[in-house]
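**Student:** Each chain is listed here by its residues.
2 protein chains.
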Amino acid sequence: MTTLDPRIATRLKRNADGLVCAVAQQRGTGEVLMVAWMDDEALHQTLTTRRATYFSRSRNRLWVKGETSGNTQQVHDVRLDCDGDTILLVVDQTGPACHTGTPTCFDADSLL
Amino acid sequence: MTTLDPRIATRLKRNADGLVCAVAQQRGTGEVLMVAWMDDEALHQTLTTRRATYFSRSRNRLWVKGETSGNTQQVHDVRLDCDGDTILLVVDQTGPACHTGTPTCFDADSLL
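Protein sequences appear in the order of chains G and H.
Following UniProt numbering, the numbering of the first sequence begins with 1 at its first residue and continues without gaps.
Following UniProt numbering, the numbering of the second sequence begins with 1 at its first residue and continues without gaps.
Just chain G, same shape as in the assembly (with noise of 0.2 Å):
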């Protein structure tokens, strides 16, 4: 049972999985730092604790972001898109957002 406001629930157009798609964004630079997905309850948690909280696939539980690693993601803005199956957050990232330590999970390589 999840806690997220209702008002916002019913927004929400999860899927198969009741997951939404969320892009992290660094403030200021812009930088587009990763993307992973959302449940309720992980959107609840980021809304309520300003920290970013996702749900694991691979683990198939919540994951606050950094809670091993220490690389946290303050959260400054949470926007949901015109369809309701994305959210972008905009955040300040302790350390780098990737855990193959580049700052972003995009930095290995362009496929141009």
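One should not assume that every hint holds.
No more than 20 Å apart at the CA atoms, straight line, and that leaves these computed lysine to aspartate or glutamate pairs for EDC-like [to be verified]:
no., chain 1, residue 1, chain 2, residue 2
1, H, LYS13, G, ASP83
2, G, LYS13, G, ASP83
3, G, LYS13, G, GLU31
4, H, LYS13, H, ASP39
5, G, LYS13, H, ASP17
6, G, LYS13, H, ASP109
7, G, LYS13, H, ASP107
8, H, LYS13, G, ASP17
9, H, LYS13, H, GLU31
10, H, LYS13, H, ASP107
11, G, LYS13, G, ASP85
12, H, LYS13, G, ASP109
Because the hints were derived from the structure by calculation, they are not lab data.
Got chain G sorted already, so can you dock chain H onto it with the hints?
**Tutor:** Coordinates of chain H only, in the frame set by chain G:
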């Protein structure tokens, strides 16, 4: 049958529908414009034409962004994330990115 370069195709981690997530970001400002989906052919066309091309889940077909509205995206970079399931497009957006007429799909409201 897609013509996507097999060296790229082998690196993609597609969802159950054969799609990867794609985030479009405005070059220069870093503004996150929209999130959509790509199959292999959409990625191939994006890489070769430099016009952002997605797979429309509602229409179940390739969708060249702006093909009817004229609000195209000229692609300057295409980056694959660390685990191969998300693509970041750095684009020059012509006109509003959102079908609602707003500059981005995240302009409507903040949940905080």
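**Student:** For every hint, state whether the structure bears it out.
**Tutor:** Verification of the supplied hints:
1. With a C-alpha separation of about 25 Å, the suggested pair LYS13 (chain H) and ASP83 (chain G) falls outside the 20 Å cut-off, and the hint is violated.
2. In summary, the hint linking LYS13 (chain G) to ASP83 (chain G) is supported, as the alpha carbons are separated by about 7 Å, within the 20 Å threshold.
3. A C-alpha spacing of about 26 Å is found between LYS13 (chain G) and GLU31 (chain G), which places the hinted pair above 20 Å, so the restraint is violated.
4. Restraint check for LYS13 (chain H) and ASP39 (chain H): satisfied, since their Cα atoms lie roughly 11 Å apart, inside the 20 Å limit.
5. Between the alpha carbons of LYS13 (chain G) and ASP17 (chain H) the distance comes to roughly 17 Å, so the proposed pair stays at or under 20 Å and holds.
6. This hinted pair checks out: LYS13 (chain G) and ASP109 (chain H) have alpha carbons roughly 16 Å apart, not beyond 20 Å.
7. This hinted pair checks out: LYS13 (chain G) and ASP107 (chain H) have alpha carbons roughly 17 Å apart, not beyond 20 Å.
8. Between LYS13 (chain H) and ASP17 (chain G), the direct Cα distance comes to roughly 17 Å. Compliance with the 20 Å bound is thereby established for this hinted pair.
9. At most 20 Å may separate the alpha-carbon atoms for a hinted pair to count; LYS13 (chain H) and GLU31 (chain H) exceed this at roughly 26 Å.
10. Annotation: proposed proximity of LYS13 (chain H) to ASP107 (chain H) is violated, straight-line Cα distance about 30 Å (limit 20 Å).
11. For the proposed pair LYS13 (chain G) and ASP85 (chain G), the alpha carbon gap of about 5 Å is at most 20 Å, so the pair holds.
12. Our distance criterion of 20 Å between C-alpha atoms is met by LYS13 (chain H) and ASP109 (chain G), whose separation comes to about 16 Å.
Violated hints, in rising order: 1, 3, 9 and 10; the structure is consistent with all others.
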